[in-house]
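Protein chains: 2
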Amino acid sequence: MAKNNGRTEISTLGEFGLIRHLTENIRPVQPSTQKGVGDDCAVMDFGKIKNEELKIKNAADIRVLMTTDLLLEGIHFNLEYVPLKHLGYKAAVVNFSDIYAMNGTPTQITVSLGISKRFSIEDLEDLYSGIRLACERYGVDLVGGDTSASMTGLTISITCLGTAKDEDIVYRSGAKEHNLICVTGNLGTAYMGLQLLERERVANAEQPDFSGKEYLLERQLKPEARRDIIAKLREAGIKPTAMMDISDGLSSELLHICHQSNCGCAIYEDKLPIDYQAAVLAEEMNLNIVTCALNGGEDYELLFTCDINDYEKLVPIDDVYIIGHITKPEFGAVIVGRNGEEMMIQAQGWKAF
Amino acid sequence: MAKNNGRTEISTLGEFGLIRHLTENIRPVQPSTQKGVGDDCAVMDFGKIKNEELKIKNAADIRVLMTTDLLLEGIHFNLEYVPLKHLGYKAAVVNFSDIYAMNGTPTQITVSLGISKRFSIEDLEDLYSGIRLACERYGVDLVGGDTSASMTGLTISITCLGTAKDEDIVYRSGAKEHNLICVTGNLGTAYMGLQLLERERVANAEQPDFSGKEYLLERQLKPEARRDIIAKLREAGIKPTAMMDISDGLSSELLHICHQSNCGCAIYEDKLPIDYQAAVLAEEMNLNIVTCALNGGEDYELLFTCDINDYEKLVPIDDVYIIGHITKPEFGAVIVGRNGEEMMIQAQGWKAF
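From first to last, the protein sequence lines are chains A and B.
When you line the first sequence up against our numbering, it's residues 97 to 449, in that order.
When you line the second sequence up against our numbering, it's residues 97 to 449, in that order.
Hints in this document: simulated from the structure, not taken from any laboratory.
Possibly wrong hints are sitting among the right ones.
What the hints assert, rightly or not - With a straight-line Cα cutoff of 20 angstroms, these simulated EDC-like cross-link-like pairs (lysine to aspartate or glutamate) come out:
1) K144(B) x D264(A)
2) K261(B) x D157(B)
3) K261(B) x D141(B)
4) K144(B) x E263(A)
5) K144(A) x E310(B)
6) K131(B) x E263(A)
7) K181(B) x D264(B)
8) K131(A) x E263(B)
9) K144(A) x D157(B)
10) K272(A) x D403(B)
11) K424(A) x E273(A)
12) K144(B) x D157(A)
13) K424(A) x E408(A)
14) K131(A) x E310(B)
15) K424(A) x E437(B)
16) K261(B) x D157(A)
17) K144(A) x D264(B)
18) K144(A) x E263(A)
19) K144(B) x E273(A)
In this text, all values refer to a predicted model and were calculated from it rather than measured experimentally.
Pulled out of the complex, with its shape left as it was, chain A reads as follows (with noise of 0.2 angstroms):
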């Protein structure tokens, strides 16, 4: 290859070389993994999946899942300030996020970019070897995807197939009066760790101070799916009422679950699991953190509803936190301030247009 300042030029491989390059060497883990990429489909056979795993005794009983995430250059990253690895990585992960939120497995994904003139093979390289650590970590393989050039901006798709026993399935219908509310890990870290970034975009282009908040960042650039605290709600036995994975915000969240399971739900500020780093940020910054949590989105974390009777255990699990309980659905979305007073839960959405 021609190499440049090691810069090497996409059009000296050519679309297919491309692809052959970006995914050579890669070999499926997943016994349901038939035939990866280099065909017109990936081929899977689901009835050879992991059944130790799952204590799947029958084929019968297997579900497959699919989601899928768009994220576009300028709407949901910013290449100044976000590293191609972590860009990748991150990619993967909010699929495999909405595996677990289903209580499923993520098997396999398949990657689609579009890419501009601008972009090395240097910088693919550096993607997806984001995307293929998270596959390793997670134990998925990536089988398939499309390659194209682009006229603007990088366009990441990515598509995640799951497995899960139909039993153990988790949707966002099911939670009942008198369930608890938990959520998993903290909440608005991961806006506040945007925050910073865009701080020191602005005022420290060159010499950006992250210095005791690399949590944040981390947060930010570098989320993970809560697999530990699916395994961990399996070991102890609870299965959740209702669950999703907190992508738009907790507030947004709950609505989805409320609307969906025809419920209403109370849950209290001071319940709210809130990160110091993150807290002190949002004073230096002047914002509220309390708003942060409800609406600050892509934490990535669990909010779940389980049975009242599945209390005891559900409090020994680390980093489950419960934060208030399902109503009747004439009661409405309520949050309960610290000083007992009660505000509607307010939806929140793209601001883009």
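Please build the complex by placing chain B on the supplied structure of chain A, with the hints as guidance.
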């Protein structure tokens, strides 16, 4: 909704409202679709596929196929002359084509869209109506997706699942010496449709002249996947030894089969199926129609190889053309001209970089 000259801004619905609006009234038809749009993932039960169609007795014989295609504005389509409904139809069908090319049946798709402010809700309704029409015609369920704002052009990423009996799947790697090489339909026609659209856009933007050439436009704007051929081959008791769909052009696809099957091939210029209208337009535009047929792309016809003993069963099948045969690898991939002269087949790929 606030309407303005038949144009409703996306902001009037918001993200979740828009998704709900576009996906409401979707009724799954595939028995394998257990849960479609509306949760973190779609859920499929592939034990419940249409057994009568594939004659599957044992669920353990079922394989799941997965393919994905990314379509980017300015690269894959030009909205100056591509109606959004056609674009949606094509975006779905090109995925179905990949599933048929494995000798499978498409069953589910997810649709991810990146859309900028210049699109109205009516525009997205048009795009979705095309996607849904394709799904209806091919019996495929739309089970999920992701909708996002975009800073730039329209992005469409579709991933398709399908099913096949393991023993029915046809890979690119199974071609054997002396196998017949067959193509369906005609070649280069979609490319000539594109040339026509480009010519009329430049020359006669106000009054484009497409008379007598409607078929070329249809091939470019609204291609079909060759489900019919797959069914006929099955009825005739022919299982191709290798197969793929012709999306990048015959030359490039033949080289894939030769590479993956470790063989050479000889095809004959005078056997290439060429549409009359396409040939006339090529003449008019001073293009070599054979070059267009070899490298044009986007025909979404099938290229397959089969045992020479299937010849008698093959001949009665409408719209299948034998264009050559598989040779030893050391002979390479050659095309024999009308004058008997042999030329090596050259790969084409992207030229965008």
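Structure-based check of each hint:
1. With a CA separation close to 18 angstroms, the supplied pair K144(B) and D264(A) stays within the 20 angstroms bound.
2. A distance of roughly 6 angstroms separates the Cα atoms of K261(B) and D157(B); the hinted pair therefore holds under the 20 angstroms criterion.
3. Using a Cα cut-off of 20 angstroms, the hinted pair K261(B) and D141(B) holds, with the two alpha carbons roughly 15 angstroms apart.
4. Straight-line distance between C-alpha atoms of K144(B) and E263(A) comes to about 16 angstroms, which keeps the hinted pair within the 20 angstroms bound.
5. Proposed proximity of K144(A) and E310(B) is contradicted: the alpha carbons are some 49 angstroms apart, above 20 angstroms.
6. The suggested pairing of K131(B) with E263(A) holds, with an alpha-carbon distance near 14 angstroms, which does not exceed 20 angstroms.
7. A distance of roughly 34 angstroms separates the Cα atoms of K181(B) and D264(B); the hinted pair therefore is violated under the 20 angstroms criterion.
8. About 14 angstroms separates the Cα atoms of K131(A) and E263(B), which keeps this hinted pair within 20 angstroms; it holds.
9. For the suggested pair K144(A) and D157(B), the alpha carbons sit about 11 angstroms apart, so the restraint of at most 20 angstroms is met.
10. Under the criterion of a C-alpha separation no larger than 20 angstroms, the hint pairing K272(A) with D403(B) is inconsistent with the structure, at around 61 angstroms.
11. Under the criterion of a C-alpha separation no larger than 20 angstroms, the hint pairing K424(A) with E273(A) is consistent with the structure, at around 6 angstroms.
12. With a C-alpha separation of about 11 angstroms, the suggested pairing of K144(B) with D157(A) holds against the 20 angstroms cut-off.
13. As the CA atoms of K424(A) and E408(A) are separated by approximately 24 angstroms, the hinted pair breaks the 20 angstroms bound.
14. With a C-alpha separation of about 40 angstroms, the suggested pair K131(A) and E310(B) falls outside the 20 angstroms cut-off, and the hint is violated.
15. Straight-line distance between C-alpha atoms of K424(A) and E437(B) comes to about 81 angstroms, which puts the hinted pair past the 20 angstroms bound.
16. For the hint pairing K261(B) with D157(A), the CA-to-CA distance comes to about 19 angstroms; that is within 20 angstroms, so the pair holds.
17. Between the alpha carbons of K144(A) and D264(B) the distance comes to roughly 18 angstroms, so the proposed pair stays at or under 20 angstroms and holds.
18. A C-alpha spacing of about 19 angstroms is found between K144(A) and E263(A), which places the hinted pair at or below 20 angstroms, so the restraint holds.
19. About 33 angstroms separates the Cα atoms of K144(B) and E273(A), which puts this hinted pair outside 20 angstroms; it is violated.
Figure legend: structure checked against the earlier numbered hints; hints not met, in rising order: 5, 7, 10, 13, 14, 15, 19.
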